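These two chains come separately, so use the hints to put the complex back together.
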Amino acid sequence: MQQKDVLPMKTEKADKPLTVKPVITGSEAVIRSLIAEGVDTIFGYPGGAIMPIYDALYDFQDQVHHILVRHEQGATHAAQGYARSSGKVGVAFATSGPGATNLVTGLADAYMDSTPMVCITGQVAAALLGTDAFQETDVIGITMPITKWNIQVTRPEEIPGAMAKAFYIARSGRPGPVLVDITKNAQFGEFEYEYKKCDYIRSYSPVPVLNEDAVLDAATLINNAKKPFILCGHGVLLAGAEKELAALAEKAQIPVASTLLGLSAVPVEHPLYVGMLGMHGNYGPNVLTGECDVLIAVGMRFDDRVTGDVSCYATKAKVIHIEIDAAEINKIIKADVAIHADAKTALQSLLQKVQPAAHTEWIAEFRDADKKEYDKVQHAELFPQEGELKMAEVIRRISEKTNGEAVLVTDVGQHQMVASRYYRFKNPNTNITSGGMGTMGFALPAAMGAKMGTPEKEVVAIIGDGCFQMTLQELGTIYQSQIGVKIVILNNNFLGMVRQWQQLFFDKRYSSTEMVNPDFVQIAKGFFIPGKKVTTRDDISAAIDEMLAHQGAYLLEVVVEKEDNVFPMVPAGAPVSAIRLE
Amino acid sequence: MQKEYTVTVYTEDRIGITNRITIIFTRRGINITSLTTAETEIPGVFKFIITVMSTREQLDKVVGQIERLIEIHRAFVHEEEEVVYQELALYKISTRSLDTGDIERLIRDHQARILTITADYFVIEKTGHQQELIDFIKKLEPYGLIEYSKSGRVAIVKWSRRFHEHLKDLAAVEADNLISND
Chain A
19 MQQKDVLPMK TEKADKPLTV KPVITGSEAV IRSLIAEGVD TIFGYPGGAI MPIYDALYDF
79 QDQVHHILVR HEQGATHAAQ GYARSSGKVG VAFATSGPGA TNLVTGLADA YMDSTPMVCI
139 TGQVAAALLG TDAFQETDVI GITMPITKWN IQVTRPEEIP GAMAKAFYIA RSGRPGPVLV
199 DITKNAQFGE FEYEYKKCDY IRSYSPVPVL NEDAVLDAAT LINNAKKPFI LCGHGVLLAG
259 AEKELAALAE KAQIPVASTL LGLSAVPVEH PLYVGMLGMH GNYGPNVLTG ECDVLIAVGM
319 RFDDRVTGDV SCYATKAKVI HIEIDAAEIN KIIKADVAIH ADAKTALQSL LQKVQPAAHT
379 EWIAEFRDAD KKEYDKVQHA ELFPQEGELK MAEVIRRISE KTNGEAVLVT DVGQHQMVAS
439 RYYRFKNPNT NITSGGMGTM GFALPAAMGA KMGTPEKEVV AIIGDGCFQM TLQELGTIYQ
499 SQIGVKIVIL NNNFLGMVRQ WQQLFFDKRY SSTEMVNPDF VQIAKGFFIP GKKVTTRDDI
559 SAAIDEMLAH QGAYLLEVVV EKEDNVFPMV PAGAPVSAIR LE
Chain B
318 MQKEYTVTVY TEDRIGITNR ITIIFTRRGI NITSLTTAET EIPGVFKFII TVMSTREQLD
378 KVVGQIERLI EIHRAFVHEE EEVVYQELAL YKISTRSLDT GDIERLIRDH QARILTITAD
438 YFVIEKTGHQ QELIDFIKKL EPYGLIEYSK SGRVAIVKWS RRFHEHLKDL AAVEADNLIS
498 ND
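Residue numbers (this note's numbering), protein chains in the order written: chain A, 19 to 600; chain B, 318 to 499.
Calculated directly from the structure, the hints in this document are not laboratory data.
Keep in mind that the hints are not guaranteed to be accurate.
Claimed, not checked - Pulled from the structure, derived: some chain B residues nowhere near chain A, Cβ distances all over 10 Å:
#1 GLN319
#2 THR328
#3 ILE332
#4 GLN382
#5 ILE389
#6 HIS390
#7 VAL400
#8 LEU415
#9 ASP419
#10 GLU421
#11 ARG425
#12 ILE431
#13 ILE434
Unchecked claim - The calculated lysine to aspartate or glutamate pairs, modelled on EDC-like cross-linking and capped at a C-alpha distance of 20 Å, are:
#14 A:LYS39 x A:GLU210
#15 A:LYS352 x B:GLU388
#16 A:LYS349 x B:ASP416
#17 B:LYS378 x A:ASP322
#18 A:LYS390 x B:GLU388
#19 A:LYS215 x B:GLU374
#20 B:LYS378 x A:ASP354
#21 A:LYS349 x B:ASP377
#22 A:LYS550 x A:GLU579
A quick note: this is a predicted structure, and the numbers were derived from the prediction, not measured.
Note that beta-carbon positions come from the ideal geometry of N, C-alpha and C, so glycine has one too.
Next up, chain B with everything else stripped away, as it sits in the complex (with noise of 0.2 Å):
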């Protein structure tokens, strides 16, 4: 059955290794809906996450296939109930809609928090699951929302102390280096 589920790969710091990861998806037609990534506490190790509406069996083959890779580290695939997730949301408002007053209280009722203001605008910045981020917008409406940015999932799987700990051994072991070949 599909849902959503998401991916996390650990891989090698290397010029296009998101396409590398992207187009396997891409092969068997699955719709990546989020990726984020950026690098991990090890030195030149960065993580992956990815959100796809897919089935379990399908993603366990993709995985192995990206795990296939040559800079992929690891990869796996989590159920909702095995990840804690978080997204990140902006939102552009006019500054006029201050001056109703009842908006601070929608601001602080919704865990928000106000980034900047301008004469024109004010920023809010928003943390939470993908639902709830869009339910906030329909609540921002009417008090003039310019703008709407969202981040794709970051997520902490619940269970993967083991692999960080064999990332951390990693750490001691120098990337082999390309460019010196020392």
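Just chain A, with the same shape it has in the complex (with noise of 0.2 Å):
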């Protein structure tokens, strides 16, 4: 569908008699195509080579909030966390050379992530280039293997078509982040502007035809299945298909565990929820997954995370994947039936072919594992009497007092397993951490993302002190935008992960893990974000109860045992089967 110039003009500038194309410049086109695209939030970080970009913006902004990060990677993990919360494309925004270049981790984590976003770097003059100008750096090379598509534009008529069509990549198929590079020049060009969204390339398929006879294939292997087991992964979500997999769980009474990103696809109380899988996910998904007959995997990638040793995984099951991904199929794990499709497309069809069963005695063995969890590892984690504070009691809090309800943000490491353990998420979309590239640094500017991008809900940032000491100066963000962010740090002063790894493979051997930390409080009160530091069992609760009530951000330090272990665990490399609870 065409859309002509219908955007209002507000300012003075924009005041100017708009013909059906009105002749503007580069920059003003950028914003225009942004509006025309949906966008009211732009993460970002001005300078020299995107100055004309920020110029255009100034006349926007009744139209567009742009929020002025410390960082570039910070604008780049706001714009995950808001497009992850909301379903929307994130925006980010930076200059030439350095601004690009740290956008780079961000970039390569959302398209591990498969989350979709849309960067736009300003670059020096289209005359400079290759030239080794002030602040120039080849980016469309450097983002070539981490961007779903990038494009560099050098002349200003190209900006509405390359916009239309990053956005179209961005979001359709299996979503991820494109970059559009914009010359100088181009961004002080003038043009006759008219924008078109793009929803066609001829090069370019995102969503694949249902072979409907691969799907009767798996009706037929699930409906003679004794011991099927569903996987759900980050494409449930992505595709909006949670109800489609509940309902072909309860139809066929299926087993379903979800991976680190599928989490909150299906709620946590759902009586065929049977945990987590991978490296430190539950020890019943992990360990039957070697018992199984036929493995349904949709929306997932099958991570080494997850599978550990391929030559050992699910060695009885007959493997079906849904995967929107054709790359995928294939790759790590051959499927005995393949389904290119989205998982919604899929779920529909598949839904309608399978026969309705009951798996009591298999159900059972998950519950019996479960047991066996709980009695070896959760309920000494959850409910501790005495010692240190434990990471897991005070996220068990934390899901108790928000009701599962909140959107939960976690960094990477043992915070971040011991969160996706223990948080009971009720509702999709409110599991938000970094996966595939497991950044540090992540969380913090993601949830300024995430509540940006769902202001009705509570965010709760999990945090620890290793990863909040890498983005930590987004917390400047956070106060000058006011963005109400609850931000909980589990404080071991050590990086954990690395530690147990030191700990259990490296003969204690603790080399550069423990950090001698600054006073957290006292620097989010330099922000002028209110804060508290937690030490015993009996202030944590009322600590948490403070933070939530509290209107606007807030800081929770808590200070937890100091060389806890996450377990279950699968030793990297070490087939599922061999999980071990301690």
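If you want it as structure tokens, here you go:
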């Protein structure tokens, strides 16, 4: 559908009489294209090569909210958090050179976790390209392997087309990050602007045609299965297929486990939900992967943190793989039935073909495993009576006090695994974490973005002391933009996960993992954000209440057990059946 | 088992597409032994012909990842017997060698031909498979080989008719135009 210049133009500059194709600058075209795509929030940082775009943005402040981050990496993670919580495309701005290279971590993270994001970078003037001009970097070359698509625009008239394609590519099919690099002359140049949304690229087919025969084959396998098992991945959330997945599980009484990024697609309280897969996932789903006879993997890519040793993975199972990205099918685990499709479309079709069934004994095996894990690990973690505070009990209380309804944004490490294991997610898209990349420093800016994307929801960031110090400057952004995010630092004065590995696999040689930390509450106060430090079990409940009751941002530092370990654990490279409970 | 495969990739005409394709091989540590690219009979659609030493299993995955790129139409892995292929070599020889007479027969026997003759050297062109072209060097060396240059593989796939019909259909579809956005 063609959208011809329907934007209200409120400012003096914009009040110029407009024809159907107004003559405007490339910079203004960028902003107007963003508005045409429904963008209302941008995270960014200005600089020389993107100043014309920022100048144009000044005229549209009533339509687009720009959040000035403190580092471009923060802009990308914030855009990711925004996208993951709201389902919209996240947008980040950066200037050329160091501004653009600072986006790299966030782009790679978004690429690994299929997050729709459009990054706009300024670039030196086209005439200077390739001359090592001031703040020139080959951002297109650098980001080629970590973007779904990227493009350099050197003329103003290329801007609407590039922007339209960028948004179409970022949000369609398997979503991902896109980068549009715009030279300064293209930002300054004037041209006749007209915007048309993109819905077709002749070499790109984002929506696969469902192969009904494959669905029928899958249904036959499921209908004859004694021990079917569903693995729910991020693709379920991206496709909005949570209801279809639950309906399939309920109709044929199939237990469902989730990958790290699939968490929150199925409520933890659902009677068929059996826990998280993978290295620090639950005992039952890991050990019983080796027992199932039909494995139904939906929107997941068999990451090595999920499979462990692939040669021993699900050896008794026929594998059904529902996946929108054809390149993921047969990449790690060979599928007996491959359904190349959007998860929602495939599940809707499969649901009609699957017969009702009861797998009572099979489900009971998971519950037996749950009990074993609870008795051996969870009870002591969740309800300790003495000793230092444990991460799990803090998460349990946050989960209870937010009723499992907060958007939980976690950083990377032990606290991430503990939060993923013990937070009782109730609603879809309430788990935001860095999965594929495992990017420390992700949570604080991502939580900012998540709060901007879903301001009506409580957003709680769970962050380790090491991770917090990678992007803590974003406290400045939180204060300046008054973003009401709750920040919980689980402080064990260690790079906890590395220390755990050193303990278990490197003879307790704690090489460079102990941290001498600053006073986090004082730091928050320096950014005018209130906070509290808690060190005892008696104080934790009231402190969480105080944090949640506070209107606006709040930082809660919780000093937790220094050498706590996260169990169960599948040692790297071992089969998932070798999961250790202690 | 590692052996030589031909990979063909049909792409849109975009700056940087070669890099996008080759880094997928690089990531997996696969060495590209030859790469030839040119526009197909369909305007705006290019064909890359890539030869590599690898395994079928690995290349099937590489091709999947290549096809994931936005500007790629299709990519295929071909076994040796699935393609008709040729390479082209040019050999620069000292003109003095023509005096001996028997080089002329050598050229004729090997279905080569002379492209140009100057006072100092002449240039022979020969097409064939790689080993044939290399073997020909040895035969020319006694005559004073000055320089040798060889192309990458050019291949036609025996079974690709259906895909080419698809490509022809594409010709009727206007390529998405980044410039006008009309």
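For each hint, the structure was consulted:
1. Distance check on B:GLN319: its Cβ is at least 20 Å (rounded) from any Cβ of chain A, clearing the 10 Å threshold; non-interface status holds.
2. With a cut of 10 Å on Cβ distances, B:THR328 falls inside the contact zone with chain A, its closest approach being about 7 Å.
3. Non-interface call for B:ILE332 relative to chain A: violated, since the shortest CB-CB distance, roughly 8 Å, does not exceed 10 Å.
4. Non-interface status of B:GLN382 relative to chain A is broken: a Cβ of that chain comes within 10 Å, the nearest being about 5 Å off.
5. The claim that B:ILE389 lies off the interface is violated: its Cβ sits roughly 6 Å from the closest Cβ of chain A, which falls inside the 10 Å cut-off.
6. Interface exclusion of B:HIS390 from chain A breaks down, the closest Cβ pair being 5 Å apart, not more than 10 Å.
7. Look at B:VAL400: its CB is around 23 Å from the nearest CB on chain A, clear of 10 Å, so calling it non-interface holds up.
8. The non-interface label for B:LEU415 is consistent with chain A: the shortest C-beta to C-beta separation is roughly 46 Å, beyond 10 Å.
9. Once the 10 Å rule is applied to beta carbons, B:ASP419 is consistent with being away from chain A; the minimum gap is 52 Å.
10. No Cβ of chain A comes within 10 Å of the Cβ of B:GLU421; the nearest lies about 49 Å off, and the non-interface call holds.
11. Every C-beta of chain A lies more than 10 Å from that of B:ARG425, the closest at about 46 Å, which supports listing it as non-interface.
12. Consistency note on B:ILE431: stated as away from chain A, and its beta-carbon is indeed over 10 Å from all of that chain's, at 41 Å minimum.
13. With a least beta-carbon separation of about 41 Å from chain A, B:ILE434 lies farther than 10 Å from that chain, consistent with its non-interface assignment.
14. For the hint linking A:LYS39 to A:GLU210, the alpha-carbon distance of about 5 Å falls within 20 Å, and the restraint holds.
15. The straight-line distance between the Cα atoms of A:LYS352 and B:GLU388 is roughly 27 Å, outside the 20 Å bound, and the hint therefore fails.
16. A threshold of 20 Å between alpha carbons decides the hint, and for A:LYS349 with B:ASP416 the separation of about 61 Å lies outside it, so the pair is violated.
17. As the CA atoms of B:LYS378 and A:ASP322 are separated by approximately 16 Å, the hinted pair is consistent with the 20 Å bound.
18. A hinted pair counts as satisfied when its Cα atoms are at most 20 Å apart, and A:LYS390 with B:GLU388 does not qualify at roughly 51 Å.
19. Between A:LYS215 and B:GLU374, the direct Cα distance comes to roughly 39 Å. Violation of the 20 Å bound is thereby established for this hinted pair.
20. Under the criterion of a C-alpha separation no larger than 20 Å, the hint pairing B:LYS378 with A:ASP354 is consistent with the structure, at around 17 Å.
21. For the hint linking A:LYS349 to B:ASP377, the alpha-carbon distance of about 9 Å falls within 20 Å, and the restraint holds.
22. The straight-line distance between the Cα atoms of A:LYS550 and A:GLU579 is roughly 18 Å, inside the 20 Å bound, and the hint therefore holds.
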